[in-house]
Amino acid sequence: MAGLPESGSIYAIVTLKSPQEVQGGVSPVFYVKTQQEQEHIAMWIARITGVAVHDLHDGTWLLIPV
Amino acid sequence: MSSQGPPVDWISIGLGIGFGVVVRLILLRKDYRHYPGYPAGTVGQITVAFFAAVIGGAFFPALVAKEYQAATFLVLAATQFTGLRKVEVSKLESIEQLTLVQRGSSYIQGIAQEFEERNYLVMGVAVVTALAASLARTEFGDFWPWVVGGGVGILAIIVAYFVKSGPELGDVCTAELVPLTFKEGSLLYAGPVMLMEVGLPKARERYAKDGVGIVLTPTTPRGAGAIWDLGQRQAIVYNLYEIIGTKTDIGYGERIPICRMDLPEGTGKAGICLLPVANDPDRILEAVRRTPLLETAKAHSVHSPALIGWQRSHEGGK
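Heads up: the protein sequence lines correspond to chains A and B, in order. Read in order, the letters of the first sequence correspond to residues 35 to 100 in our numbering. Read in order, the letters of the second sequence correspond to residues 16 to 333 in our numbering.
By construction, these hints were calculated from the structure, which means they are not laboratory data. Treat the hints with care, as some may be off.
As the list claims (entries may be wrong) - Straight-line C-alpha distance at most 20 Å; calculated EDC-like pairs for lysine to aspartate or glutamate:
id, chain 1, residue 1, chain 2, residue 2
1, B, 262, B, 225
2, B, 224, B, 186
3, B, 224, B, 132
4, B, 284, B, 191
5, B, 198, B, 301
6, B, 101, B, 82
7, B, 217, A, 40
8, B, 106, B, 132
9, B, 217, A, 55
10, B, 198, A, 71
11, B, 217, A, 92
12, B, 179, B, 280
Unchecked claim - Far from chain A, some chain B residues (derived; all Cβ distances over 10 Å):
id, residue
13, 139
14, 173
15, 183
16, 213
17, 215
18, 265
19, 268
A quick note: this is a predicted structure, and the numbers were derived from the prediction, not measured. Glycine included, every Cβ here is placed at the ideal spot set by N, Cα and C.
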């Protein structure tokens, strides 16, 4: 999609983990408390920006431009 | 100039132009689906075909009349058609940004090349027809050009119809519908083929509810080579998007259909996921089978004679 970073880079991180366990580096991190909140935030960012959500199955979701 | 030479052979030229334009009309009717701008594109293509037919039809009569300069226009026309191909490529490339599923550069080159080749077919039919009519006129008299020219023209159209485009995917692969499943929570599978990771639960629900999976199995070495080619796979997916439609839009990146190979096993099968707008199994399979086999995908190393020879010697050496 136009305007997004290169496909394959990490656009944002939505995680249930603590700031000590997951840190941003180049991409912003959204710390959430429940899976429901995680789903909500990830879906909103995906719909707004057009990225795809990928689940690492350890409580961390990565938002990657397609 | 021509008033001093022999009279202009209007019958031959006219027959050449006529059959040249007719062959383009027949081929145009056959595959208008490749062309987005139906009315505008059609007029443009017929006009160019007319020019090609005029040059082709006038070629042999011009040689007979010793108008050698006129004959060299054939070469000039070839350059023009190459230019038209470049225009076609840049046009299709520029609209790529505003399509949800990209054609891919391999498919674009294939389409443009095919349009260029069709003008050569028109020119070829016109040359052959005019040549036959012109020879018949000098050999037998004024009535025979119509019969001989017409007969040869029809034959040339039949030949052109069969060489117009290469094989389709259905000739080298079988396609079957399979259910889409999720394994390990979020990995999307079409039959045995893993496609991608779908993280959003809502997106997984959508795929489970509306999604359709397709598995491609090559039946010939050529097919095996073709589907390893990324451009060919993008062309298949684009054809599905164009003919069947997919329920996606900007902001729904995970819904864009993809075609992936069966890895890590590397069985040579390919899987496709699709959220079809028109969920008609026959039409979906037909859209996959009717995808043209791309030039770029035909010459793939998997079925290259060199590699097959290497494999044999390698196995023999064990």
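**Study point:** Which numbered hints fail
**Key:** 2, 3, 5, 6, 7, 9, 10, 12, 16, 17, 18, 19
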